[in-house]
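Throw the hints in and build the complete structure from the sequences for me.
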Amino acid sequence: MARMSMIEALRSAMDEKLSDDASVLVFGEDVGFFGGVFRCTAGLQEKFGEERVFDTPINESAIVGLAVGMAAQGMRPCVEVQFADYVYPAYDQITQEAARLRHRSNEQFTCPIVVRMPTGGGIFGGQTHSQSPEALFTHVAGLKVVIPSTPYDAKGLLIASIEDPDPVIFLEPKRIYNGPFYGDHSGKSVPWSQHESSEVPEGHYTVPLGKAVVRQPGNDITILAYGTMVYVAEAAAKQAGVDAEIIDLRTLLPLDLETIRHSVEKTGRCVVVHEATRTSGFGAELIAEVQEACFWHLKAPIRRVAGWDAPYPHAQEWDYFPGPERIAAALKLAMEE
Amino acid sequence: MARMSMIEALRSAMDEKLSDDASVLVFGEDVGFFGGVFRCTAGLQEKFGEERVFDTPINESAIVGLAVGMAAQGMRPCVEVQFADYVYPAYDQITQEAARLRHRSNEQFTCPIVVRMPTGGGIFGGQTHSQSPEALFTHVAGLKVVIPSTPYDAKGLLIASIEDPDPVIFLEPKRIYNGPFYGDHSGKSVPWSQHESSEVPEGHYTVPLGKAVVRQPGNDITILAYGTMVYVAEAAAKQAGVDAEIIDLRTLLPLDLETIRHSVEKTGRCVVVHEATRTSGFGAELIAEVQEACFWHLKAPIRRVAGWDAPYPHAQEWDYFPGPERIAAALKLAMEE
Amino acid sequence: MTRQTKLNFPHPPARPDETPDFSAIDIPEAGILDVPPPELKAADSHDYAQGLIRILNDQGDAVGPWADYIADREDESLLQGLRDMLKMRAVDKRLLNAQRQGKTSFYLQCTGEEAIGGGFQRQLEQGDMNFPTYRQQSLLIAADYPLRDLMGQIYSNACDPLQGRQLPIMHSAREHGFFSISGNLGTQYVQAVGWAMGCALRGNGKIAAGWIGDGATASNDFNSALLSASVYQPPVVLNIVNNQWAISTYTGVASGQSKTYAERVLGYGIPALRVDGNDYLAVVAVSRWAIQRARNGYGPIAIEWFTYRAAPHSTSDDPSAYRPKDEALAWPLGDPVERLKTHMIKRGIWTEERHAQSEAELLAEVMAVQKEVEKHGTFVNPQPISPAEIFRGVYADMPEHLRRQRQEMGY
Amino acid sequence: MTRQTKLNFPHPPARPDETPDFSAIDIPEAGILDVPPPELKAADSHDYAQGLIRILNDQGDAVGPWADYIADREDESLLQGLRDMLKMRAVDKRLLNAQRQGKTSFYLQCTGEEAIGGGFQRQLEQGDMNFPTYRQQSLLIAADYPLRDLMGQIYSNACDPLQGRQLPIMHSAREHGFFSISGNLGTQYVQAVGWAMGCALRGNGKIAAGWIGDGATASNDFNSALLSASVYQPPVVLNIVNNQWAISTYTGVASGQSKTYAERVLGYGIPALRVDGNDYLAVVAVSRWAIQRARNGYGPIAIEWFTYRAAPHSTSDDPSAYRPKDEALAWPLGDPVERLKTHMIKRGIWTEERHAQSEAELLAEVMAVQKEVEKHGTFVNPQPISPAEIFRGVYADMPEHLRRQRQEMGY
Ligand SMILES: Cc1ncc(C[n+]2csc(CCOP(=O)(O)OP(=O)(O)O)c2C)c(N)n1
Ligand SMILES: Cc1ncc(C[n+]2csc(CCOP(=O)(O)OP(=O)(O)O)c2C)c(N)n1
Ligand SMILES: [Mg+2]
Ligand SMILES: [Mg+2]
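Note that the protein sequences, when read in sequence, are chains Z, X, W and B. Sequential numbering of the first sequence, starting at 5, is according to the numbering used here. Sequential numbering of the second sequence, starting at 5, is according to the numbering used here. Sequential numbering of the third sequence, starting at 120, is according to the numbering used here. Sequential numbering of the fourth sequence, starting at 120, is according to the numbering used here.
Derived from the structure by calculation, the hints contain no laboratory data. Quick caveat: nothing in here was measured; it's all calculated off a predicted structure. Among the clues, some could well be false.
[Unchecked claim] Here are the computed lysine-lysine pairs in the DSSO-like style, where the Cα-Cα straight-line distance is at most 30 Å:
#: 1; chain 1: W; residue 1: Lys160; chain 2: B; residue 2: Lys378
#: 2; chain 1: Z; residue 1: Lys51; chain 2: B; residue 2: Lys494
#: 3; chain 1: B; residue 1: Lys444; chain 2: Z; residue 2: Lys51
#: 4; chain 1: B; residue 1: Lys378; chain 2: Z; residue 2: Lys192
#: 5; chain 1: X; residue 1: Lys242; chain 2: X; residue 2: Lys270
#: 6; chain 1: W; residue 1: Lys125; chain 2: B; residue 2: Lys212
#: 7; chain 1: B; residue 1: Lys160; chain 2: W; residue 2: Lys160
#: 8; chain 1: X; residue 1: Lys336; chain 2: Z; residue 2: Lys270
#: 9; chain 1: X; residue 1: Lys270; chain 2: Z; residue 2: Lys336
#: 10; chain 1: B; residue 1: Lys494; chain 2: Z; residue 2: Lys192
#: 11; chain 1: X; residue 1: Lys303; chain 2: X; residue 2: Lys192
#: 12; chain 1: X; residue 1: Lys303; chain 2: Z; residue 2: Lys336
#: 13; chain 1: X; residue 1: Lys192; chain 2: W; residue 2: Lys222
#: 14; chain 1: X; residue 1: Lys192; chain 2: W; residue 2: Lys125
#: 15; chain 1: Z; residue 1: Lys303; chain 2: X; residue 2: Lys303
#: 16; chain 1: B; residue 1: Lys160; chain 2: W; residue 2: Lys378
#: 17; chain 1: B; residue 1: Lys222; chain 2: W; residue 2: Lys160
#: 18; chain 1: X; residue 1: Lys51; chain 2: W; residue 2: Lys444
#: 19; chain 1: Z; residue 1: Lys303; chain 2: X; residue 2: Lys336
#: 20; chain 1: X; residue 1: Lys270; chain 2: Z; residue 2: Lys303
Okay, here's the thing in structure tokens:
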């Protein structure tokens, strides 16, 4: 076991797969010689050569389009989009091509690609370095959508994603690349090395896709969260003084409804949190499923705490971010009803 | 008053606005000389000249990108994307540019564009001529999303959209371009001329954005629908023999929650229907809002009837389409609970 | 002294009720362009990119250096080629007919363009991969794709290799070097480059071939593809089928001020040639040269096939609304079947009689298969594929929510 | 005799710890290219697109036909230009400093590229519109954009015209001919073409100018823009700032085998010129020519400005990880300020003393405004903008759901 930041854990996953599978390739903007603007691929080109790890032109559509062609032939490209905010030029190739190739060709061709991208705000990146576009992918049949919240999961999920036979959108919550974040932006930041989940095995292991995990057991209310918001939810529960069960979804599509149902049937209350804008965010899907699956157990409406329906602002970042206060307020509201 | 099909009503709206506002432009693939593959713009180039109505190269991103630049200068482009299935190359320009320009420039620049596109299935178009991508736009702050279900509304909503100061995604349910469709594909198709809502005024009028309409009053259950599904819902209610209140949303964003709340508080039951794939579809948002707004009035879980989470198939089209049987089954289920 | 700024709107040479007019198209003589060395660079390609490589002259003779280039085993290849084209026509004819009879929802012909896919495919090796558009069924015919599979898809019946999931004409035939067609124009072009990169990385000696229409060159994937090919230099042949129309839209709307599509490609530093696509010999010669060049590691190469879409865009289209009815007849490069036939007769390896006989035989062959395939159901007489098929293959393993949906459906 | 297919991976001439090496860059002599007529066509542009228009020679003299082209009222324009560049440097210096002190989250310099935006902007008219990237602040300086506004945005305080919504450096200044910058690379390029089409349709005599970096030419919006401009021929000047780097990525990864970006443009049938971007006189001359050409209805024109990004990509970047530390000093086209200063001294309209004095004055001016603006809050000493600002301007009229959210927020 080593102590790793999430960045190191992701790098270790790619290192592992580049080592044990010659068909794995890593490419994207600035990922080659330089090792990525967040350093996730640092050292990989030097170790594996530029035929395995290389720089691309600034064309996200080409990055994914090339990956689709390679994957159809049997390679396993794990590509980086520099920020999730820049994935839109590739939206056609991801949703119409990668996601559909297996089905439309009746499995003659498949598309085992991973599209990694840093997601979410909290780094003063303004509206084009802060977005959380997960719901734009969860609506697309054929995709899997994954988002880790710990270094351990990051490595295990990324290895599982690269090994998955289908296309995976792999969202990396950049606010917690270097340490957990409990939502107090003025507080001191804690590096991963001081957090237990930074214990990461050196070799190969996987965290299965499609399985949520209960991060904190509780009896009064269920909080559904993922990525950075898992920690913010933890802080909020403490602040609100409620005995919350916090579920870290880890995979949004396919969703682990069983774990969720189990919890909500127990608690009878549920709050859903995410950073993405509220309307038609992934929270809507969670609520739709939970109210249908657990209707007779619900003691109060399911509440959403999410980014406001506006672009992510630069200066008012912390007013936009669904921090512990807003979540705590929703928890209290849900408890009172 | 004239009798118009939806196609004629849409054409009449564009004709009206091209006539009364010199800054209105109409362009897209095959929309100029030929008048569009669905003939919505037939005759407009001849009438207004090719500086106002013209053909573009096959590049949806360019169509919208040009429109953004024009609109920022004060023009009002109303552009066509040939099928909603082909809007994805323009997704970046629509969601990151058009939707955000007003906000990010603090209103120095605005973006009054309309992006028209035929949506939905039922014409044996297979997976790339049948999609319903509305939820991919309702998640985007800054956009409005409109979908008419009658010739009268089509004209009034399109005029309102062209006159709106902000970007509007205007979805045209192609299955009902020429007549209402009650979901029985083997039945005889009825032209609009035999339907009352085809009475369309010749001149200028608007149907306001953001306002739903109760298409059929009822007491037992509320059905939320839009586009083609309004008629299918009507048939389903009849088939199930329930006294359903059918709300035609008309505008999905911003949503007319008041009309919905009013109805569900009365009926206590709700079914949401759409053709788009179920997971993270717009139905999820509707359910999330309704359960929050009407929780204490709900007598049963809100049910969704939607496209399956798979690409829209060619041969099994009618197994995929959420037809009257499936909706009726959901209505009965909701009534029994 | 200021001029007025006025926008430009490209116009076709003639509209309905006007006389077809191709006088603006410069048709160079056959045989005047040489065969460049495989090292050909973009900077040295202007003659090939602006000119038109032709072998068959107006008299039906094969002339010039490109004719010599394919002089070996030519007879055999021409007999094969003519057969491919005649078979293609028979298939198109019969399937158009089936659509007219309401037996399928949709069809789309490649009339006038049969030489291109046919001649190209015959130069490929097993394991090479085409990334086609919906108008390259001639690749399938020349790859000897079983007619039963081809037609099965048109009828979306039990013979359909794709089990009804795709629109008719959107074939997928991996074993026959034919990538799954997408309805979204352009996307396949950059995928072809990715596939070719895979070939180079594996060192398997295979190549990829991208296909795109003149209209779709406007798509952004065209840029993605050319740029990526220019940067990484994989073994890919990038074909552009310029058939003058994109549904109702004249090719000038896609080309803008570019003289030719091949010229557009040169800007990326990729060499490009323009070829008479209605000249089967030219197709064979340039395809052979380009494929060999790519396979031998000289990097990407583009070919603009200059041709004319003689048929309507599809069965949903009526071209008489936007172009003169008899424009196809006026096309200065003629009809590929007629031209090859004339040449073969002149060459002494073909006769009018054999031609008529061959046409009849092929039509009979096609009709026999068609009849057999139609037994498994058509739109008029459907034998539905299981609805549960919808859920298979969305993922390798069906996730829980799809299982629930399938159950809800009753399966 | 088959060669192996091997992929190509472009490499910069030197990496950290290596000696900077620009020997592969061919620098033509100043003054050798003529001034083409405004009717210039793409086909006649190769010399301009592959060459390099330069006016200032190594001795600091202005030579050749392009020098003559701007001979009228030049002294005045040079004094202005030098002042613009010095002011730009002072601003960059002070704002970089502010970021180092933690007073703002982010900054990004344009060091080495000051001549381009400065010289170009001074040739525009009121009502013309630039569609810039984040590295064109020199356009704002030369448009006399108030420093208070410029700096207000850097500090996201009450002086920020965008009320904190945008990242510092992502300015928007409509009255100063500066379109709202997007973080998404490339998108503005096709919008510029759309704006220019609007100008033509209104016949208002205005033009648009698109700006893009060498790296971002790879984006698909570059294709959208060039194609649309080629088709519709609106009055637009399409600028490409080739500063050799895109963050850590060498320009060869964006150019592929294209010799120059200007050559890429020619493929679209749009004429293009390549210009020494560190030569203020060349910038003025070519900008004036191109802008006039566009305004006079000769259609789109592209300019590749050949320069070097002397600064790090941004305050988040450390270029010593991917290029030699002293590469900027080795750049064969020198520093734009130094070159113009040398020329002006030689010309007798400038002295070392006046230069030093001017630098000091401008720095003082900038610092004075900075001090004033900082009073309204910095990151170290925040004076928050109202959170309710988040909801204003999402739509013209605030819809109900945003009203509810604002309420939930407590406003
Ligand atoms: C992205 C996208 N936009 C629009 C369409 C609709 N469409 C189908 S075919 C076609 C014309 C294509 O013309 P061209 O590329 O010249 O091919 P051809 O039909 O002539 O073979 C259009 C616009 C599409 N399929 N995909
Ligand atoms: C669509 C998109 N992809 C990626 C990025 C991230 N990014 C920001 S700047 C940059 C490099 C741009 O280089 P270039 O165009 O040469 O401009 P320069 O910084 O040299 O002025 C990249 C990759 C982005 N902003 N947008
Ligand atoms: Mg065509
Ligand atoms: Mg650059």
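Task: Unsatisfied constraints (hint numbers, rising) - done: 2, 4, 6, 11, 14 and 17
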